[in-house]
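Following the hints, put chain B in place on chain A, whose structure we already have.
Quick mapping for you: the protein sequence lines, in order, are chains A and B.
Residues in the first sequence are numbered consecutively from 1, following my numbering.
Residues in the second sequence are numbered consecutively from 1, following my numbering.
Hints should not be assumed to be uniformly reliable.
Some chain A residues near chain B, calculated using beta-carbon distances under 10 Å [stated by the list, open to error]: (1) Ala17; (2) Leu61; (3) Ala63; (4) Gly77; (5) Leu165.
Chain B is nowhere near these chain A residues, computed Cβ spacing over 12 Å in every case [what the hints assert, rightly or not]: (6) Val60; (7) Leu99; (8) Arg103; (9) Trp104; (10) Asn108; (11) Ile119; (12) Ile123; (13) Phe128; (14) Leu141; (15) Glu143; (16) Ile152; (17) Pro153; (18) Val177.
The set of hints was computed from the structure by calculation and includes no laboratory data.
Think of the CB as a built atom: it goes at the ideal place given N, C-alpha and C, for glycine as much as any other residue.
Listed below, chain by chain, are the residues.
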Amino acid sequence: MERSLALIALFAALIAALGLIPSFTLAFGVPVTAQTLGVMLCGTVLGAKRGTMAVLLFLVLVAIGLPFLAGGRGGLGVFAGPTVGFLVGWPVAAFVTGLIVERWRGANLAVVATVASIIGGIIILYAFGIVGMSVILERTLLEAAGLVTAFIPGDVIKAVLAGLLTAALFKARPASVLSRSSSDG
Amino acid sequence: MLCLTSPVETPAHRWRPGIKFALLCAATFVLLAIDSLVFQVAAFFACLLLFALPGRTFFLAGMRALKPLWPFVVILIVWHGITQDMADGLAIVLRLMTAVGLATLVTMTTRLSDMMDFVRWALQPLARFGLQTRLVELGIALVIRFTPALAAQGRQLAQSWRARARQKPRWRLILPLTVAAIDDAEQVAQALRARGGLMPHNSGVPTPARTE
Numbered sequence: 001m002e003r004s005l006a007l008i009a010l011f012a013a014l015i016a017a018l019g020l021i022p023s024f025t026l027a028f029g030v031p032v033t034a035q036t037l038g039v040m041l042c043g044t045v046l047g048a049k050r051g052t053m054a055v056l057l058f059l060v061l062v063a064i065g066l067p068f069l070a071g072g073r074g075g076l077g078v079f080a081g082p083t084v085g086f087l088v089g090w091p092v093a094a095f096v097t098g099l100i101v102e103r104w105r106g107a108n109l110a111v112v113a114t115v116a117s118i119i120g121g122i123i124i125l126y127a128f129g130i131v132g133m134s135v136i137l138e139r140t141l142l143e144a145a146g147l148v149t150a151f152i153p154g155d156v157i158k159a160v161l162a163g164l165l166t167a168a169l170f171k172a173r174p175a176s177v178l179s180r181s182s183s184d185g
Numbered sequence: 001m002l003c004l005t006s007p008v009e010t011p012a013h014r015w016r017p018g019i020k021f022a023l024l025c026a027a028t029f030v031l032l033a034i035d036s037l038v039f040q041v042a043a044f045f046a047c048l049l050l051f052a053l054p055g056r057t058f059f060l061a062g063m064r065a066l067k068p069l070w071p072f073v074v075i076l077i078v079w080h081g082i083t084q085d086m087a088d089g090l091a092i093v094l095r096l097m098t099a100v101g102l103a104t105l106v107t108m109t110t111r112l113s114d115m116m117d118f119v120r121w122a123l124q125p126l127a128r129f130g131l132q133t134r135l136v137e138l139g140i141a142l143v144i145r146f147t148p149a150l151a152a153q154g155r156q157l158a159q160s161w162r163a164r165a166r167q168k169p170r171w172r173l174i175l176p177l178t179v180a181a182i183d184d185a186e187q188v189a190q191a192l193r194a195r196g197g198l199m200p201h202n203s204g205v206p207t208p209a210r211t212e
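One chain only, chain A, in its complex shape (with noise of 0.2 Å):
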């Protein structure tokens, strides 16, 4: 118990601190925000119910004020404006990718892990992103996804990045790889 409460907080923590983190880029010269890595992250490591839950307990610090998204943005304002479906997608995202990595248990965690980043922290993350944006800017849903697909790219390179991540984290440190570990704090 203490030990799941202490994970999921400083999993938390670390998604707030990987948006602090200044001038991340990564290839191609694409700036993004390694945040939705931290995501994918919480999925991969802490498995699908934790991962979750430090992905909630960050949405509540943004929403109560804390500048903890990339750019120091943060308050109900992020809420009520385009980005929203993102927001709404992280702990969905984070609960998907989890689910995968907990069940497919035959092949190498890095690919695992990656292909449950990608499911979860892409397609299922960029639907509700899709959807949140076609409502809050009245576009359709294709032309929603056209203002989007541009982030597609580095998003692919988090995922491969968070599979390589975790199965590294998995040699460093095999018991707190939640996901994969039959401890249950």
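Frame of chain A; chain B shown alone:
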């Protein structure tokens, strides 16, 4: 760094957060229900007036919070310029800015402690389904405590990297930072257990520390 509440004291700082949330919900509902451009223009200027009333510092802080919206504003204006229905485009842009602005006003005029009281109140119904609200509060406190600590650790890792390499560290910091988060979590868990643990204890007597 922490908290977006404005240090400029306004009368709204003293209102109960529940009332502000109710007003915000009602205002957002009305904004969504009425499509008329005239109404949206009026609502937008009313919102700007609310930002301007407490003075320059408050106004500028509010406008900073609206700044991330400008790419969307540009896209919508250009889009509707091409399709030649600018009135529709303007109504959407104004509604977006007013809705985000009003929500920002609630954030700027509500202290963290008042927000926490509100969260506690809002979580009450979930307690019936077995959610321990005390754990949520402890979780929130832990995140507020550990975010600056992890960010500082991140900056330190970046500095150590720069002392040894010419390239920027980029993603290479994330692994050590995540390991640090995990190690911190294990220590916090130990400390919580040593202080009696989190299991509900109705008797008021702390449960003895478990050694695992």
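Quick rundown of the hints versus the structure:
1. Ala17: With a minimum Cβ separation of about 4 Å from chain B (threshold 10 Å), the hint on Ala17/A holds.
2. Leu61: Holds: closest Cβ of chain B sits about 6 Å from Leu61/A, inside 10 Å.
3. Ala63: holds (8 Å)
4. Gly77: holds (4 Å)
5. Leu165: holds (6 Å)
6. Val60: violated (7 Å)
7. Leu99: Its Cβ never comes within 12 Å of chain B, the nearest being 20 Å, so this holds.
8. Arg103: Nearest chain B Cβ is 23 Å from Arg103/A, so the label holds.
9. Trp104: It holds; Trp104/A is separated from chain B by about 21 Å at its closest Cβ, greater than 12 Å.
10. Asn108: Answer for Asn108/A: holds, closest chain B Cβ roughly 18 Å.
11. Ile119: For Ile119/A, whose nearest Cβ neighbour in chain B is about 21 Å away, the distance exceeds 12 Å, so it holds.
12. Ile123: Non-interface label stands for Ile123/A: nearest chain B Cβ at 22 Å, farther than 12 Å.
13. Phe128: holds (17 Å)
14. Leu141: holds (16 Å)
15. Glu143: violated (8 Å)
16. Ile152: holds (17 Å)
17. Pro153: holds (15 Å)
18. Val177: violated (9 Å)
The structure fails hints 6, 15, 18 (numbered hints given earlier, in ascending order).
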